[in-house]
Amino acid sequence: MQISAKISIWFFIGVLLAFYGALIFGYGIFELISGVLAPVVLAKLHAPVWWGGMMLALGSFYCIRFVPGKKQTN
Amino acid sequence: MARLFIGNHIAQSVLAVLLPSSVLAHLSIIDIVIIASYFVMVVWIGIYLKGQSNTSVDFFMAGRQMTAWIAGLSFLSANLGSLELMGWAGSAYQYGILAAHWYWIGAIPAMLFMGLVMMPFYYICKTNSVPGYLNLRFGESSRVLSGVCFAFMTILMSGVNMFAMALVMKVVLGWNISFSILMSSVVVALYVGLGGLRSAIFNEVLQFALIWCGALLVPILGLIEAGGWHNLQAKILMNYHTSEYTHLWKGLGHFSTNAMGVQWTGIVFGLGFVISFGYWTTDFLVVQRAMAAKNLRAAQMAPIIAAAFKMAIPFFVILPGLLGLVVLHNNDGTLMHLVGQDSVSAANPNSYNEVLPLMMERYLCPGLLGLGITALIAGFMSGMAGNVSAFSTVWTYDIYKPLIKKNGSDSHYVSVGRWATVLGIVVSIGTAYLVMQAAAIMDYVQALFSFFIAPLLGTVLAGMFWKRATKAGGFWGLLAGTVTSVALYAWVRVDPSAIRYVAFSSEAKAMAADLYRALWAFSSCAVVTILVSYCTKPKPLSELAGLVYGASELPHAEPVPLIKNHWFWAAIVITVFFILNIVFY
Chain U
175 MQISAKISIW
185 FFIGVLLAFY
195 GALIFGYGIF
205 ELISGVLAPV
215 VLAKLHAPVW
225 WGGMMLALGS
235 FYCIRFVPGK
245 KQTN
Chain L
336 MARLFIGNHI
346 AQSVLAVLLP
356 SSVLAHLSII
366 DIVIIASYFV
376 MVVWIGIYLK
386 GQSNTSVDFF
396 MAGRQMTAWI
406 AGLSFLSANL
416 GSLELMGWAG
426 SAYQYGILAA
436 HWYWIGAIPA
446 MLFMGLVMMP
456 FYYICKTNSV
466 PGYLNLRFGE
476 SSRVLSGVCF
486 AFMTILMSGV
496 NMFAMALVMK
506 VVLGWNISFS
516 ILMSSVVVAL
526 YVGLGGLRSA
536 IFNEVLQFAL
546 IWCGALLVPI
556 LGLIEAGGWH
566 NLQAKILMNY
576 HTSEYTHLWK
586 GLGHFSTNAM
596 GVQWTGIVFG
606 LGFVISFGYW
616 TTDFLVVQRA
626 MAAKNLRAAQ
636 MAPIIAAAFK
646 MAIPFFVILP
656 GLLGLVVLHN
666 NDGTLMHLVG
676 QDSVSAANPN
686 SYNEVLPLMM
696 ERYLCPGLLG
706 LGITALIAGF
716 MSGMAGNVSA
726 FSTVWTYDIY
736 KPLIKKNGSD
746 SHYVSVGRWA
756 TVLGIVVSIG
766 TAYLVMQAAA
776 IMDYVQALFS
786 FFIAPLLGTV
796 LAGMFWKRAT
806 KAGGFWGLLA
816 GTVTSVALYA
826 WVRVDPSAIR
836 YVAFSSEAKA
846 MAADLYRALW
856 AFSSCAVVTI
866 LVSYCTKPKP
876 LSELAGLVYG
886 ASELPHAEPV
896 PLIKNHWFWA
906 AIVITVFFIL
916 NIVFY
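Chains U and L supply the protein sequences, listed in that same order. At the far end of the first sequence sits residue 248, using my numbering, and the numbering has no gaps. At the far end of the second sequence sits residue 920, using my numbering, and the numbering has no gaps.
Hints were generated in silico from the structure; no laboratory data involved. Fair warning: there could be bad hints in the mix.
To be verified - To spell it out: a stretch of chain U is covered by chain L in this simulated footprint if at least three of its residues, at any positions, have a beta carbon under 8 Å from a beta carbon of chain L; those stretches are:
{"hint": "1", "region": "192 to 201"}
{"hint": "2", "region": "205 to 216"}
What the hints assert, rightly or not - Calculated cross-link-like contacts (lysine-lysine; reagent style DSSO-like; alpha-carbon spacing at most 30 Å):
{"hint": "3", "chain 1": "U", "residue 1": "K180", "chain 2": "L", "residue 2": "K872"}
{"hint": "4", "chain 1": "U", "residue 1": "K180", "chain 2": "L", "residue 2": "K385"}
{"hint": "5", "chain 1": "U", "residue 1": "K218", "chain 2": "L", "residue 2": "K570"}
{"hint": "6", "chain 1": "L", "residue 1": "K629", "chain 2": "L", "residue 2": "K741"}
{"hint": "7", "chain 1": "L", "residue 1": "K461", "chain 2": "U", "residue 2": "K180"}
{"hint": "8", "chain 1": "L", "residue 1": "K899", "chain 2": "U", "residue 2": "K180"}
{"hint": "9", "chain 1": "L", "residue 1": "K740", "chain 2": "L", "residue 2": "K874"}
Glycine included, every Cβ here is placed at the ideal spot set by N, Cα and C.
Make a model of the complete structure from these sequences and hints.
Structure (structure tokens):
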């Protein structure tokens, strides 16, 4: 899935998802530890923990799989 | 004097951003970091790709190097503008699940037809645009007419996207509308102007991922709060005393038995055939993405991949609208009542179009709210960028090159394309202010579709599948269809009771009038094309090779495993399509 000779689009996506995932997951952990929940409906489900964690995992996978310089298979 | 006024206006806008007055949600620092890093990434991609967009093939066709997945996701993402996100969530609140017709019968059959039947012709004739195909098939006049219409439409659509994005910023963050329009314009102009179609496609794939991550959580949490789909249906029935909100086909027997005021014939023939096939097979905005694929197989797979994802989009666009009917409440505990944009008042301060931001504000905590807002911005910007990049191509190849400078150098046309991008953005800004006068975004967009898309479908189908169609037939058919559409629109505007002739019922509503007007435009185009063609001399068969079914030898497809066969995947998609229609009947 390499488009450019240098950086694949999937790598860009991986970087952004991993960064976002880390931020959201980190906030979720903070909520979990401090017990201070944001004033939103269903806050007790701790969506930032599982949603952020999922994005971090997915983004990390794409970063590693499509890191620049690594030979890509289509 | 004018510059002073503009300077003051911008200064006031910036001040309004810094001092928001009444807003739905306040962003935390984590939200701001998420939104800001998205803008940085988008511009970085544009700058990174600038060095790879030096020739016209690179700039306008992304070098024809895209894989099926990238072309397919971009094909879909270019359509994920205001129409898809806020507009249809608002329509779902207003009309119920009927709005899902625009995703299923109004998209899937046409996308599959595009991939399986029409794409080979677009691809093998190696044209740069849909008007370019008309030039090869029907001559210069048809190309210029369709090019001018398309350029006009894309600019209007781009303005719709700008306005919708600015509206989100106003509703959720309290940002000044003018500032939002200016900000999105500069970013889109930067990344499309620098990297051309390649940059637009890269960003569309990125935006596709963000839209899924950012918007999918709202319906998941909404369904948990509502107690699942069956409880949602029961609560809607209890609150509104009708089941039409949750049934796709049940209320379409007559114009008066559904909120949209439309009958099943309008949905099946007007939407499912004319508007849908017109949009997905002739609108260069989406066709351009598939044409950028690296080979014919990838070009054929692109619309099929897009169709598979398209079927899932109602989950995070239509479902939040339906959930809004049940879960949104005022501070005093009463059910919130959203109204049309022109009926907003102190008693009902929010419009249908704001249902998605309201749902986001309800469920998304810091971080997730920033992601949700970023998803909306990404959707709007992909819609804008898609329109602007398509405008740039059509302007350069189908208007500037044939009418203004025929024998320019390749680098000259790349330069014209870059400037056309900027020009397109500037005109879109003006359009965005025009859209503010429209009662509802969706009605406006539907009117545009029937003006240009419906007659174009008639002309392209005649050109591609009827050897006898002539140059004069193509041109006069296209003109007749467009004039019919505009005339019918004007007729109903001047005399609203004329809707009983246009839509075959005095109980039909505005949306129905758009669907039937598209049918009229297509029919008049087809009739005039046939009549004029029989009165004029056709092209010899030898000149139709590669352009017309029956006169062209399509490239022989190498056998591939079933898992890579586009017919196999198309069969799966159409099966799921039928299952969805039966389940939500």
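Hints breached by this structure = Violated: hint 3 alone.
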